[in-house]
Structures are given as structure tokens and as C-alpha cells.
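Visitor: Heads up: the sequence lines are chains A and B, in that order.
At position 251 of the first sequence the residue is numbered 250 (numbering that gives the first Met the number 0), and the sequence of numbers has no breaks.
At position 310 of the second sequence the residue is numbered 309 (numbering that gives the first Met the number 0), and the sequence of numbers has no breaks.
In short, the hints are calculated from the structure, not lab data.
Glycine is no exception: its CB is placed at the ideal position from the N, C-alpha and C atoms.
There's no promise every hint is true.
[As the list claims (entries may be wrong)] To give a feel for the contact side, a few chain B residues facing chain A, derived at Cβ under 7 Å:
| id | residue |
| --- | --- |
| 1 | Ala218 |
| 2 | Asn222 |
| 3 | Gly230 |
| 4 | Ser317 |
| 5 | Arg321 |
| 6 | Ile322 |
[Unchecked claim] Below, computed lysine-lysine pairings styled on BS3-like, alpha-carbon distance capped at 30 Å:
| id | chain 1 | residue 1 | chain 2 | residue 2 |
| --- | --- | --- | --- | --- |
| 7 | A | Lys110 | B | Lys29 |
| 8 | A | Lys270 | A | Lys424 |
| 9 | A | Lys237 | A | Lys50 |
| 10 | A | Lys313 | A | Lys389 |
| 11 | A | Lys445 | A | Lys386 |
| 12 | B | Lys137 | A | Lys50 |
| 13 | A | Lys237 | A | Lys336 |
| 14 | A | Lys113 | B | Lys29 |
| 15 | A | Lys270 | A | Lys313 |
| 16 | A | Lys424 | A | Lys440 |
| 17 | B | Lys137 | A | Lys118 |
| 18 | A | Lys237 | A | Lys389 |
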Amino acid sequence: MGEQPPVLEMTGIRKVFPGVVALDGVDFRLFPGEIHALMGENGAGKSTLIKTLTGVYEIDGGEIKLGGAPVRISGPLQAQQAGVSTVYQEVNLCTNLSVAENIFIGREPRKFGKIQWGKMRRRAAELLARLELDLDVSAPLDTYSLAIQQMVAIARAVDIEARVLILDEPTSSLDASEVEQLFRVMRRLKESGVAILFVSHFLDQIYEISDRLTVLRNGQLIGEHKIEELSQVQLVEKMIGKELAALEDLEDKAQSNRERAAGAQPVLEAKGLGRTGAIAPYDLTIHEGEVVGLAGLLGSGRTELARLLFGADKPDQGELKVAGKPVNLRSPQVAMKHGIAFSSENRRTEGIIGDLSVRENIILALQASRGWTRPIPRKKQDEIVDKYIKALQIRPADPERPVRNLSGGNQQKVLLARWLITEPKLLIIDEPTRGIDVGAKAEIQKLVAELSDGGMAVLFVSAELEEVLRLSHQILVLRDRRLVEKLENTADVDADRIMQTIASGATS
Amino acid sequence: MTTMDMTPVVKGGGGPELNKRRRVYKPNTKHVPILATLLLLVIMYSAGAANYRNFDDPSVIVNLFRDNAVLLVVAVGMTFVILTGGIDLSVGAVISLTTTLTATLLQGGWPPLVVLPAVLLLGALIGAGQGAVIHFFKVEPFIATLAGLFLARGLALFINQHSIPIRDKVWTAISDYRIELPIGEDGVVTKPIAIVAVLAVLIAAAVLAWTRFGRNVYAIGGNADSALLMGLPVGRTKIAVYTISGFCAALGGVLFSINSTSGWALQGNGLELDAIAACVIGGVLLTGGSGFVWGTLLGVLVSGLIRTIINFDGGLNSAWARIIIGVLLFAFIVMQRIVTRKAK
Chain A
0 MGEQPPVLEM TGIRKVFPGV VALDGVDFRL FPGEIHALMG ENGAGKSTLI KTLTGVYEID
60 GGEIKLGGAP VRISGPLQAQ QAGVSTVYQE VNLCTNLSVA ENIFIGREPR KFGKIQWGKM
120 RRRAAELLAR LELDLDVSAP LDTYSLAIQQ MVAIARAVDI EARVLILDEP TSSLDASEVE
180 QLFRVMRRLK ESGVAILFVS HFLDQIYEIS DRLTVLRNGQ LIGEHKIEEL SQVQLVEKMI
240 GKELAALEDL EDKAQSNRER AAGAQPVLEA KGLGRTGAIA PYDLTIHEGE VVGLAGLLGS
300 GRTELARLLF GADKPDQGEL KVAGKPVNLR SPQVAMKHGI AFSSENRRTE GIIGDLSVRE
360 NIILALQASR GWTRPIPRKK QDEIVDKYIK ALQIRPADPE RPVRNLSGGN QQKVLLARWL
420 ITEPKLLIID EPTRGIDVGA KAEIQKLVAE LSDGGMAVLF VSAELEEVLR LSHQILVLRD
480 RRLVEKLENT ADVDADRIMQ TIASGATS
Chain B
0 MTTMDMTPVV KGGGGPELNK RRRVYKPNTK HVPILATLLL LVIMYSAGAA NYRNFDDPSV
60 IVNLFRDNAV LLVVAVGMTF VILTGGIDLS VGAVISLTTT LTATLLQGGW PPLVVLPAVL
120 LLGALIGAGQ GAVIHFFKVE PFIATLAGLF LARGLALFIN QHSIPIRDKV WTAISDYRIE
180 LPIGEDGVVT KPIAIVAVLA VLIAAAVLAW TRFGRNVYAI GGNADSALLM GLPVGRTKIA
240 VYTISGFCAA LGGVLFSINS TSGWALQGNG LELDAIAACV IGGVLLTGGS GFVWGTLLGV
300 LVSGLIRTII NFDGGLNSAW ARIIIGVLLF AFIVMQRIVT RKAK
């Protein structure tokens with residue numbers, strides 16, 4: 000490879016959103032007949048780069064060349080005509096139509112305006128046979144599994160004379176055998192000279208199928224490598240980056256807390272708890288005053304693990320004890336009754352209600368746990384809210400301001416306050432510091448440390464390794480939807496050690 | 000009804016064992032509702048034939064088409080709309096507007112060959128307007144066509160609140176014309192409006208099954224976002240289905256005016272609900288993407304047959320027709336839920 004000229008060449012791609020440089024001079028090349036993985040953590044610029052290529056975004060700088068000729072891609076249809084086809088994670092087909100129709104709709108063979116069903120079915124079957132698929136092409140698509148649907152989407156994409164095929168996280172909802180089948184199709188396409196851009200969060204899959212990879216971080220190109228020249232550990236390092244920040248004192252504090260946590264009562268114990276397709280069965284014990292950190296790449300199952308403990312998803316195996324008693328957390332309400340609080344990672348969509356005031360947002364969970372028939376007296380509300388606005392230093396300190404107008408960090412504090420006033424025994428916080436500035440980050444971290452000092456158990460989920468290291472007494476490492484290692488956060492545990500585990504599985 | 004054979008079929012030529020093939024042996028779930036309606040129709044007809052004298056005369060069935068011609072034409076247009084996942088509440092009002100306008104213009108001495116295309120065009124334009132509002136302003140079809148309902152009904156009442164007789168020669172000639180069909184021993188007589196209604200069904204069925212436009216209708220009803228990403232003309236198709244529905248309503252209005260040789264602003268009141276009910280009983284999924292015009296036809300025949308039975312019996316209160324349709328609607332909607340859930 001490499002002797003042929005690249006089919007796609009992107010140079011100095013720049014894309015700016017209000018206030019953010021999403022892509023800063025990124026180069027990207029794709030050769031015919033290769034599978035190229037695009038790697039990066041959340042917010043690295045992967046999807047932005049893909050969207051400039053599929054015509055969803057227009058670039059603000061740089062140049063895109065397809066087959067050597069500069070192109071301007073202004074829309075999805077134009078991208079398809081230029082030979083760039085995309086298959087997304089959620090299959091964009093019409094499952095009520097037949098397999099053959101899904102491949103050909105909009106391009107059906109016709110005679111005098113009448114669709115030639117026979118010819119269409121034959122061509123669909125031929126096309127699928129080339130991908131080693133043998134399907135009943137006249138059956139509705141929804142009679143097939145998601146994996147098959149995905150491959151029908153690929154068949155459709157390939158039939159539109161694709162030179163470049165973009166597969167955006169095609170494997171995230173497939174099981175092992177389905178992934179294998181997809182990979183076979185990908186290899187076949189590769190042999191026929193199609194250039195495939197592959198995005199996946201599963202490192203093993205990347206290493207199994209890819210020829211080369213490009214790593215992005217914070218909108219910048221970190222490097223382009225042949226797969227055999229880069230170990231998994233090196234890759235993870237490049238993706239996450241090392242930014243050993245300040246706040247060393249916090250880390251010391253966390254360490255000193257450990258002795259006390261060891262003698263404390265377990266707040267929550269999970270044994271063999273799991274949910275097929277979301278997270279493999281895991282054991283977990285959280286004590287009073289203990290901070291348990293969840294580390295792992297995006298899509299490794301961090302959130303999925305946490306959601307089982309809050310009744311947001313139902314486990315299909317294993318058992319759960321709260322304060323020593325077996326419980327069945329049927330719903331978040333039940334979990335709340337047992338003193339478990341969950342602050343969601345999707346601040347905007349699942350947590351904060353932008354049009355309500357700070358006061359109303361804070362009161363929400365407490366009111367819900369009391370039941371709506373017993374409203375909290377206004378005077379009491381003001382008292383509580385004032386207390387937490389002060390304690391968490393929510394700014395501006397105006398309880399009647401709509402939350403929409405607050406910064407991300409302060410919204411996060413409002414969300415925390417909402418759960419804190421219910422006085423939970425276990426607080427689960429998912430990505431509390433994502434997308435907020437450094438100062439607010441430090442404040443929230445300090446708050447978590449203080450809460451655990453006060454005896455609260457905290458399950459802390461974060462994509463930022465340093466943060467997990469700094470706060471946690473115990474660190475759980477996840478990889479490919481599986482809990483692979485539990486670490487006591489002792490002095491010899493550092494980011495390298497955890498990255499090792501993330502990259503290669505359990506290391507004991 | 001869903002038996003699935005999930006046995007992996009090993010392919011020759013060294014293909015790995017995982018190349019599984021999921022053959023599905025079952026009556027296509029899409030056909031289950033329509034088969035149920037057909038079964039219901041057969042049972043009702045047999046019951047009628049067993050209990051009432053002369054019920055098995057072929058004229059009973061032929062007359063169903065004559066008596067329900069307007070509903071059938073309107074329901075055909077409604078089928079297009081519902082298949083995209085929309086709804087058109089304005090059709091009854093468009094009927095009243097077209098009958099009133101037709102009668103008024105004909106009484107005013109306008110030539111019938113001008114009046115006919117004019118009112119059909121008006122219906123299509125009202126539909127297109129509603130479709131455009133729904134597509135461009137992302138208005139819920141329910142609201143947009145509810146506005147259309149008030150508008151058209153109001154216009155009709157504004158033109159004339161009373162029944163207007165039609166004395167135009169062409170209209171009365173068509174109204175009095177009889178067609179003899181060679182069915183049974185003595186042949187059966189029917190009216191031109193029944194033929195028009197049957198033609199509407201045939202044309203609609205062909206369009207839906209054999210044209211790109213027809214398939215786009217199904218695709219949009221299945222998943223409009225996907226349809227857009229697959230490069231299908233979603234906006235154009237949406238506007239087109241409301242145009243078709245408006246046109247069919249206007250055609251229904253013309254048939255009404257021919258049948259009764261009059262126009263009246265209160266005609267077609269509530270007919271949109273009968274049309275929706277016929278579609279649902281015929282197995283057209285209200286969420287869109289699934290169903291056939293043939294089902295709609297069966298749905299119309301079922302509701303017509305209920306009325307026929309009540310007429311034959313003589314002792315039954317006519318309110319029974321609505322009660323039975325209500326019960327059937329419940330039954331069919333629950334059945335659709337179950338069938339679609341099993342298909343998942």
C-alpha cells in the first residue's frame with residue numbers, strides 16, 4: 000500500500016463553531032483498498048471530520064481532494080454522487096420495506112414508469128451475494144437482525160459506486176459473531192478497492208481489521224500510523240494525552256481517606272450484576288465515605304454499569320444489596336427511596352430543565368421523593384436553596400434565575416445540589432466535569448472529596464483519567480463493556496498503569 | 000403467526016459457519032390485518048345470506064359499491080396520506096365545498112365541462128396547500144388539516160346554507176344513466192359513480208405498488224428521516240399525498256352532487272372520520288408505512304355491509320352501525336399493535 004495515489008486527501012482542514020475550534024488544520028489521507036481507523040476520544044473531532052466529508056458541515060479552511068481533483072462537498076446527496084457513502088451507527092433504512100427495496104429505493108429499475116420488481120430482486124440478490132450474504136430479498140427488512148440491516152445499508156452504499164465508504168461505529172450494537180460477519184464484508188470490499196474509513200471504540204476490533212489509523216485529539220492531528228507500528232498502549236496514550244495537572248493536595252486527601260473507608264459499612268453491594276448487550280456481569284462494593292472511580296474509554300460501559308445501580312436499566316442477572324439487604328431496583332424512584340442518587344452525564348437533555356429557575360431545579364428531586372401531593376412550603380424551599388447555593392458557590396447566586404442562563408459548570412452544580420438535598424447515601428455522578436471550564440472542574444472535584452469526607456459513598460464516572468485518579472479510593476477499569484480490573488488507588492497506581500489496562504485488558 | 004427459522008445455513012466454498020441466513024416462513028405480517036378483514040367480511044356476508052332472504056343476490060354486493068362510492072373514493076385518498084404517517088381531516092369539508100360550488104356554478108349557467116375540472120382542481124389545490132404548510136412549516140397534519148376543515152366548511156356555508164338543486168342536463172343525464180353488468184342470471188344494474196370508485200381503487204393500487212412515488216410513500220411512512228438520508232424527495236412526496244387526498248375529496252364531492260343532483264354545505268359532515276375508520280379496519284397502520292388500498296376497499300365494504308344488514312333486518316336500530324364500527328376499530332387497532340409488536 001502507499002504506492003498508489005490516495006483516493007481521498009484532506010489537507011489543513013479547519014472547522015470553527017462559535018467559541019470552539021473543532022478541527023484545527025487536520026490532514027487525513029485514504030488510499031484505495033485500505034481500512035483506515037479514525038481514533039480519538041469524545042470531542043476529539045472525529046465526527047466533525049466525518050461530517051465535513053459527508054457534506055453535513057462545510058469546511059472553513061483547507062482542501063478536500065477526491066481522486067486527485069479538488070472538490071467542494073455541499074450536501075449528503077452531493078457526497079454520494081462524488082463517491083463518498085456513509086453508513087451510520089443507527090441504520091438509516093426503512094425497515095417496513097423489503098431488503099431489495101431498501102437497496103434500490105430511489106433508483107429502482109423501471110420500464111415505462113413501472114417498477115420492475117423481478118429485475119430489482121435479482122440485482123439485489125446478486126449484489127448481496129458479492130458481499131457473501133444470502134437473504135430473502137423480498138422479506139421486510141425488520142425480519143432481519145440489526146447486523147444484517149447494517150450490511151444491507153452497506154450494500155446500498157456500495158451500489159452507489161462508492162469509492163470511499165465511511166462506517167461510523169457500525170459495531171457498537173453488534174455481538175461477536177455479527178462483528179465477524181461485518182468484518183468479512185469489509186475485507187471483501189477492501190479487496191475490490193474500496194477505501195474504508197472505520198470508526199469504533201473497540202480497540203481490539205481496530206487492531207483486527209485496520210491497516211492504518213489516524214489519531215485526533217482536541218481537534219488536532221496527533222499522528223497517522225501503520226497499525227503494526229503502534230501498540231495499543233501507545234495508541235491510548237495518544238488518544239487521552241497526558242496532562243498531569245495540579246491539585247496534588249486533593250490526591251493526598253483521597254489517599255488518607257482510604258483507611259477510614261476500609262472499616263466502614265458497605266452501602267451497596269452488587270454480585271454478578273449484568274445486562275446482556277450493555278455490560279458484562281460485575282461485582283462491586285461501595286462503602287460509606289468511599290469514592291469509587293470508573294475509568295475506561297468512551298463506550299467501554301461506564302454509564303451502562305452505573306445505570307444498573309440506579310434502576311435506570313434493568314439488570315437481567317445478578318443481585319444487588321443496599322445497606323446489606325437485597326433489593327430490586329425496578330425504577331429510579333425505587334432507587335431514590337433507597338438513598339441512591341444519579342446525576343446524569345447528559346446535563347442538558349436528562350438533567351437540567353432550562354426554563355425553570357435555579358430554585359425549582361434544585362427542589363425537583365426532593366419534591367419528587369415526597370410525592371407531588373405534599374408540596375414543600377416556599378419558606379422551606381428558600382432556606383434549602385440558599386444553603387446549597389452558598390455551599391456549592393453557584394453563581395450568580397440568584398435562585399430565581401432560569402438555569403438556561405447559567406454556565407455549564409454552574410448548571411452542573413445545580414444538578415448536584417438537586418441530588419444532595421435528598422441526602423443520598425450513594426451519589427452516582429456521571430461525567431460531572433465534561434464541557435466545563437478548569438476552575439469549575441476543580442470546585443466540583445473538591446466538592447466530591449468533601450462529600451466523601453462527610454460519609455457519603457460516591458461512584459464517580461469520568462472520561463478523564465487524572466480526575467478519577469485524584470478523587471477515587473478504588474478504581475474500576477472497564478474495557479469493551481466489561482469490568483476488567485479493580486485497583487486500590489495506592490501511590491504506585493498512576494495513569495500509565497490504568498492506560499495499560501484499558502489498552503490490553505487485565506494485567507494481573 | 001411468526002415462526003422464524005434461525006438455523007444457520009452453512010455455505011459452501013469454505014465460508015465460515017457464521018454466515019447465517021434467517022429464512023422467514025410465515026404469512027407476511029403486512030398481510031395479516033388485511034386477511035383478518037377479508038375473513039370478517041366473508042363471515043358477515045355468510046351470516047347475512049343465512050339469515051335474510053335475497054341477501055345472496057349479486058346486487059347486494061354491487062350496490063355496496065354504488066352506495067359507498069363517495070366514501071370509497073375519499074378513503075382511497077386518505078390511504079395515501081395515512082401511509083405517510085399523516086392524516087387529513089379536511090376531506091369531508093372539501094366535499095361540502097365542492098358540492099355547493101358545483102351546484103351553484105351549474106345553476107349559474109356555467110358549462111359542466113368547465114365546472115368539473117375547476118372543482119377538481121380546487122380540491123387538489125386545497126390539499127396541496129395543506130401539504131405545503133405541513134412540510135414547510137413542520138405543522139402537525141392534524142392541526143393543518145383541521146384548519147382546512149374549518150376553512151372549506153366555512154366557505155361552503157358562505158356560498159349557500161341551503162340545499163341547491165342541480166338541473167344541468169349533463170349532471171342529470173349521468174345521474175340517471177344505468178350500467179348493466181353481466182353478473183348473475185338477469186344481470187345487475189349499477190350507476191356510473193360505482194365505476195368511478197372502482198377505477199380510483201385500481202389506479203391507486205397500481206400507483207402504490209409500481210411507481211417510485213408509491214414506494215416513496217411507504218418509505219416516508221416507515222421512517223421519514225431515513226428516507227431523507229437515502230436521498231428520496233420527502234417534501235415533494237408529502238405535498239403530493241395531500242394533493243391526492245384533496246383531489247379525491249373533490250371527486251367524492253362531484254360524485255355526491257351527481258348522485259343527489261344537488262349541492263348542500265352540510266353534506267359530507269364527518270365523512271373524514273368514516274374514511275379514517277375504513278382505512279384502519281382495512282389494516283392501514285395509522286403510524287404509516289404499512290397497508291394497502293385493497294385493505295381500505297375491504298374496510299369500506301365492511302362498514303357498508305353492516306348498514307346493509309341493518310336494512311335487511313328492518314328491526315335493528317341504525318345506531319348499531321356506528322356501535323359495531325366502534326367495536327371493530329378497537330379490535331383492529333389492538334390487533335395492529337399485537338402484530339407489529341410481534342414483528343419486532
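Visitor: Decide, hint by hint, whether the structure agrees.
Guide: These are the hints, each one checked on the structure:
1. Because the smallest distance between the Cβ of Ala218 of chain B and any Cβ of chain A comes to about 5 Å, under 7 Å, the interface hint for this residue holds.
2. Checking Asn222 of chain B against chain A: minimum C-beta separation of about 5 Å stays under 7 Å; hint holds.
3. Against a cut-off of 7 Å between C-beta atoms, the interface hint on Gly230 of chain B holds, since the closest Cβ of chain A lies about 5 Å away.
4. Below 7 Å, beta-carbon pairs count as interface contacts, and Ser317 of chain B has none with chain A, the closest being about 38 Å; its hint is therefore violated.
5. Look at Arg321 of chain B: its Cβ only gets to about 32 Å from chain A, farther than 7 Å, so that hint breaks.
6. Here the hint on Ile322 of chain B is broken, as its CB sits about 33 Å from the closest CB of chain A, past 7 Å.
7. Only pairs whose Cα atoms come within 30 Å are accepted, and Lys110 of chain A paired with Lys29 of chain B is accepted, the gap being roughly 26 Å.
8. In summary, the hint linking Lys270 of chain A to Lys424 of chain A is supported, as the alpha carbons are separated by about 19 Å, within the 30 Å threshold.
9. A hinted pair counts as satisfied when its Cα atoms are at most 30 Å apart, and Lys237 of chain A with Lys50 of chain A qualifies at roughly 23 Å.
10. At roughly 37 Å between alpha-carbon atoms, Lys313 of chain A and Lys389 of chain A are farther apart than 30 Å, so this suggested pair is violated.
11. The suggested pairing of Lys445 of chain A with Lys386 of chain A holds, with an alpha-carbon distance near 18 Å, which does not exceed 30 Å.
12. With a CA separation close to 25 Å, the supplied pair Lys137 of chain B and Lys50 of chain A stays within the 30 Å bound.
13. A hinted pair counts as satisfied when its Cα atoms are at most 30 Å apart, and Lys237 of chain A with Lys336 of chain A does not qualify at roughly 43 Å.
14. About 22 Å separates the Cα atoms of Lys113 of chain A and Lys29 of chain B, which keeps this hinted pair within 30 Å; it holds.
15. About 14 Å separates the Cα atoms of Lys270 of chain A and Lys313 of chain A, which keeps this hinted pair within 30 Å; it holds.
16. Taking the CA atoms of Lys424 of chain A and Lys440 of chain A, the gap is about 23 Å. The hint holds against a cut of 30 Å.
17. A threshold of 30 Å between alpha carbons decides the hint, and for Lys137 of chain B with Lys118 of chain A the separation of about 37 Å lies outside it, so the pair is violated.
18. For the hint linking Lys237 of chain A to Lys389 of chain A, the alpha-carbon distance of about 40 Å lies beyond 30 Å, and the restraint is violated.
The structure fails to meet hints 4, 5, 6, 10, 13, 17 and 18 from the earlier list, while all remaining hints are met.
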